[in-house]
Each structure stands twice: as structure tokens, then as C-alpha cells.
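Asks: Just so you know, we're using my numbering here: the sequence shown kicks off at 734 and counts up by one.
In case anyone wonders, no lab produced these hints; they're calculated from the structure. The beta carbon of each residue, even a glycine, is placed where N, CA and C say it ideally should be. Among the hints, a few may not be true.
[Stated by the list, open to error] Restraint-style ranges between C-beta atoms, simulated for each label pair: (1) 777 - 756: 14 to 22 angstroms; (2) 761 - 736: 12 to 20 angstroms; (3) 742 - 769: 29 to 37 angstroms.
[To be verified] Here are the computed lysine-lysine pairs in the DSBU-like style, where the Cα-Cα straight-line distance is at most 30 angstroms: (4) 755 - 768; (5) 742 - 755; (6) 741 - 755; (7) 759 - 742; (8) 759 - 741; (9) 735 - 759.
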Amino acid sequence: MKENPLAKKSYSFALKIVALYKNLIKQHSEYNLSKQLLRSGTSI
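Start from the sequences, fold in the hints, and give me the full structure.
Replies: Here it is in C-alpha cells:
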């Protein structure tokens, strides 16, 4: 079975979003905005 490039790219994107979210939380910057970013970036 072939690898799905879309699934691979979306998983990579979600990991980057989670890393960004953790960085924003660590800096105590824009908590509401960062939670929305996490929800929308990992929804796929």
C-alpha cells in the first residue's frame, strides 16, 4: 500500500502547531488565540 502524502503532511503540520502552542504557553502570550490555533491546526 502506498503512503498517503496528504496524511503525512497534515501530521507534520499538526506536530508543528502543537510545538508552536507549547512555545506560546511557555511565554504566556495570547492564551485564547493559542488555544484557537491548536484547535484549528489539529482539526484535520
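Asks: All the hints need checking, so say for each whether the structure fits it.
Replies: Evaluation of the provided hints:
no., hint, result
1, 777 - 756: 14 to 22 angstroms, "holds (21 angstroms)"
2, 761 - 736: 12 to 20 angstroms, "violated (39 angstroms)"
3, 742 - 769: 29 to 37 angstroms, "violated (22 angstroms)"
4, 755 - 768, "holds (10 angstroms)"
5, 742 - 755, "holds (20 angstroms)"
6, 741 - 755, "holds (21 angstroms)"
7, 759 - 742, "holds (26 angstroms)"
8, 759 - 741, "holds (27 angstroms)"
9, 735 - 759, "violated (39 angstroms)"
Checked against the numbered hints above, the structure violates hints 2, 3 and 9; every other hint is satisfied.
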